[in-house]
Amino acid sequence: MPFWRGVFYLLIAMGLVLTVVRFSQGLGSVTNLSDSYPWGLWVGFDLLCGVGLAAGGFVITAVVYIFHIERMRPIVRPAIITAFLGYLLVSAALLFDLGRPWNIWHPLILWNPSSVMFEVAWCVMLYSTVLGLEFSGMVFEKLRWKRAVKVQKMISVPLVIAGVVLSTLHQSSLGTMYLIMPGKLHALWYTPLLPLLFLVSAVSVGLAMVIIESKLSARSLGMSLEVPLLRTIGRALVGVLGLFGFLRVYDLLDRGMLAEAFSFSYESCLFLVEFGLGVVLPMALLLIPKIRMSTRGLYAGALLAVMGFVVNRLNVSLTGFETAQGGHYIPSWAEVAITMMFVALGFAAFRFIAKHFPVYAEHGTTPPSEVPSVLPADIEEPVAANGVKTTWERTFLDLPDEAGRL
Amino acid sequence: MEAGKQHAILFDLTRCSACGECVGACMEKQGFEGDYEQVKDLSATSYTACRNVVAPDDEEYGLRNLCRHCVEPTCASVCPVTALEKTPEGPVVYDASKCMGCRYCMTACPFNIPRYEWDSPMPEVRKCDMCHDRLAKGEVTACADACPNEATVCGTRDELIADARERFKEDPDDYHHHIYGEHEIGGTNVMFISPFPAETLLGYKPELGTKPLSERTWRVLSKIPNIAIFAGATMGALWWLTARRDEVRAHEAAKRLGVDPKHNGQARQ
Numbered sequence: 001m002p003f004w005r006g007v008f009y010l011l012i013a014m015g016l017v018l019t020v021v022r023f024s025q026g027l028g029s030v031t032n033l034s035d036s037y038p039w040g041l042w043v044g045f046d047l048l049c050g051v052g053l054a055a056g057g058f059v060i061t062a063v064v065y066i067f068h069i070e071r072m073r074p075i076v077r078p079a080i081i082t083a084f085l086g087y088l089l090v091s092a093a094l095l096f097d098l099g100r101p102w103n104i105w106h107p108l109i110l111w112n113p114s115s116v117m118f119e120v121a122w123c124v125m126l127y128s129t130v131l132g133l134e135f136s137g138m139v140f141e142k143l144r145w146k147r148a149v150k151v152q153k154m155i156s157v158p159l160v161i162a163g164v165v166l167s168t169l170h171q172s173s174l175g176t177m178y179l180i181m182p183g184k185l186h187a188l189w190y191t192p193l194l195p196l197l198f199l200v201s202a203v204s205v206g207l208a209m210v211i212i213e214s215k216l217s218a219r220s221l222g223m224s225l226e227v228p229l230l231r232t233i234g235r236a237l238v239g240v241l242g243l244f245g246f247l248r249v250y251d252l253l254d255r256g257m258l259a260e261a262f263s264f265s266y267e268s269c270l271f272l273v274e275f276g277l278g279v280v281l282p283m284a285l286l287l288i289p290k291i292r293m294s295t296r297g298l299y300a301g302a303l304l305a306v307m308g309f310v311v312n313r314l315n316v317s318l319t320g321f322e323t324a325q326g327g328h329y330i331p332s333w334a335e336v337a338i339t340m341m342f343v344a345l346g347f348a349a350f351r352f353i354a355k356h357f358p359v360y361a362e363h364g365t366t367p368p369s370e371v372p373s374v375l376p377a378d379i380e381e382p383v384a385a386n387g388v389k390t391t392w393e394r395t396f397l398d399l400p401d402e403a404g405r406l
Numbered sequence: 001m002e003a004g005k006q007h008a009i010l011f012d013l014t015r016c017s018a019c020g021e022c023v024g025a026c027m028e029k030q031g032f033e034g035d036y037e038q039v040k041d042l043s044a045t046s047y048t049a050c051r052n053v054v055a056p057d058d059e060e061y062g063l064r065n066l067c068r069h070c071v072e073p074t075c076a077s078v079c080p081v082t083a084l085e086k087t088p089e090g091p092v093v094y095d096a097s098k099c100m101g102c103r104y105c106m107t108a109c110p111f112n113i114p115r116y117e118w119d120s121p122m123p124e125v126r127k128c129d130m131c132h133d134r135l136a137k138g139e140v141t142a143c144a145d146a147c148p149n150e151a152t153v154c155g156t157r158d159e160l161i162a163d164a165r166e167r168f169k170e171d172p173d174d175y176h177h178h179i180y181g182e183h184e185i186g187g188t189n190v191m192f193i194s195p196f197p198a199e200t201l202l203g204y205k206p207e208l209g210t211k212p213l214s215e216r217t218w219r220v221l222s223k224i225p226n227i228a229i230f231a232g233a234t235m236g237a238l239w240w241l242t243a244r245r246d247e248v249r250a251h252e253a254a255k256r257l258g259v260d261p262k263h264n265g266q267a268r269q
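Top line first, the protein sequences correspond to chains Y and H.
Quick note: the first sequence uses this note's numbering, first residue 1, plus one each step.
Quick note: the second sequence uses this note's numbering, first residue 1, plus one each step.
Read the hints as simulated data drawn from the structure, not as lab findings.
Some hints here could point you the wrong way.
[Said to hold, decoys possible] Below, in silico cross-link-like pairs of lysine-lysine (DSS-like), each with a Cα-Cα straight-line distance of 30 Å or less:
1. Y:Lys184 to H:Lys98
2. H:Lys137 to H:Lys86
3. H:Lys86 to Y:Lys184
4. H:Lys98 to H:Lys137
5. Y:Lys184 to H:Lys211
6. Y:Lys184 to H:Lys223
7. Y:Lys355 to Y:Lys215
[To be verified] Okay, the calculated bits of chain Y under chain H, using three or more residues with CB under 8 Å as the criterion:
8. 18-26
9. 65-79
10. 110-119
11. 174-188
The beta-carbon is built from N, C-alpha and C at its ideal position, and this holds for glycine as well.
Looking at chain Y on its own, in the form it has when it is part of the complex (with noise of 0.2 Å):
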């Protein structure tokens, strides 16, 4: 595709030069940052966007290693490379909006528990790893060093559980980072429950991101998942989005913040675009069987949960303090175009590793007719030597035995 390249190339020329200048001159230089909106796009997209749309990554592997739902499996490898990239770009995107960076490594060795930044930036920094290791299966493949997979296997499923423990922790910790300023955040969205609403959020945006991904992948690659592994996150996806909503009305409920939410004022629209158009409508979208069935219909119930979680997100770090600290704060063009080089970067990092890597490889993505016989490592054994299919399987794996039998 000539016209998306043009535009990459576009945004990583225009993304070089803004990179120039905010590391000579300042981050005043390309910024609209000021000392009454000392954080901006890049801490409310770049940082709090960023590491939500990456929590596929814990999500799916905590679904399949520990729930040992297996019907998954084939998610679990863009899940781990979305999370992993997702990091990496965060903290390069951190990089650009510290204003020293080359003391970002400084949390290591000078401690402070009471700060909740320490604790993210320990848990970020944990977790990075972790991905790392878990992405190393597919290199160790690649490279066909059999040992190193089979090491990387050996501890695959501590690696799950040290990776849920560490995201559960820090994907709360970037909504309890706003519980210290009471006076300034708008009190539709200062709430104690920030923590746990920024959790289930990043929940909900992780398994959107698998279906919008495997809808990218499906055009650019010609690779996807299977439409009914699709659906099955689909359903998921209205749970976890009910959850969210529930939580949230009820916490407004609870605050007497419920009339405020419908008085229609600046903080009031913007709820209601958040709420209405980021988590009624997807939820509606996606109940209506013809819909979900569709996968145009998944595409689009996904789209608008992502949105609805950025819009979230934004007015939490931003919106969210125009009454308190008055004026606007409106990011500069340059802001905006390096985040879209880092999302530009995103893309293109995802497809060369779906290129090259054995991403796609593990059973049950298209095309289905290279993989006949689907069958879930972990329970091989009581099947192996004649072919025979459990009942177990035939029924709750759709899989013929090699008879063709179901």
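Fit chain H to the known structure of chain Y by using the hints.
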């Protein structure tokens, strides 16, 4: 050191004429260039500012703004690398060599005090350091030294609170009887007394309460070890349970089909 014995500043609105001498003395002490009379607000090159404010009864008073040097500073509690620290003597000071420039201190400060060097490639957070070097030598701060009306005075926190109460007693009609900073968000080392209620003007929002803001995040942070252990144990248990469930199911299914699971799927006949 106990908060009451720490260095502190008391500012009295009734005594201030907004002459700007404190601003000029501060800039000179810090080595900042520029005309102090042009200073309207805090900036990276002016750690204090003063202006006229109009009371509800249309009377005019002078008002300074400067770092409150909180007893339990929000900025120091959020700093991930201890670049901002509360000294035992009272002042909250900044060490640029530790700072990584995340600016969490700026977003978290309830008084919007810290300023940033936005146009520098090696930026620093800028805020009042209560002239801690002068205090260490037994001198008063540059601003207190320069004030012609004793609107800004130095002392220990206990002394200044007693001093403020004394002024309320001597001229009860001249003051709104409240010491801003005595209890708000855990207390501040820079305190204010005013002839009229001035909580919004001074940034001491009543809804923030009298507990340090850091308690709001510590409530969550202190639970982290428990959350980590609980989440890890739950995941481990679920991993074992679901694996065992699948094993049993496969075993029973194999039995029904006449396959001996123990002998690697050999048919039993």
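Hints and how they fare:
1. Y:Lys184 to H:Lys98: holds, 27 Å
2. H:Lys137 to H:Lys86: Holds: H:Lys137 and H:Lys86 sit about 19 Å apart, inside 30 Å.
3. H:Lys86 to Y:Lys184: holds, 23 Å
4. H:Lys98 to H:Lys137: holds, 26 Å
5. Y:Lys184 to H:Lys211: holds, 17 Å
6. Y:Lys184 to H:Lys223: Within the cut-off at roughly 25 Å; holds.
7. Y:Lys355 to Y:Lys215: holds, 16 Å
8. 18-26: Coverage by chain H holds here, the residue count being 4 at a Cβ distance below 8 Å.
9. 65-79: holds (count 4)
10. 110-119: n = 10 at 8 Å, threshold three: holds.
11. 174-188: holds (count 8)
Consistency note: the structure conflicts with none of the earlier hints.
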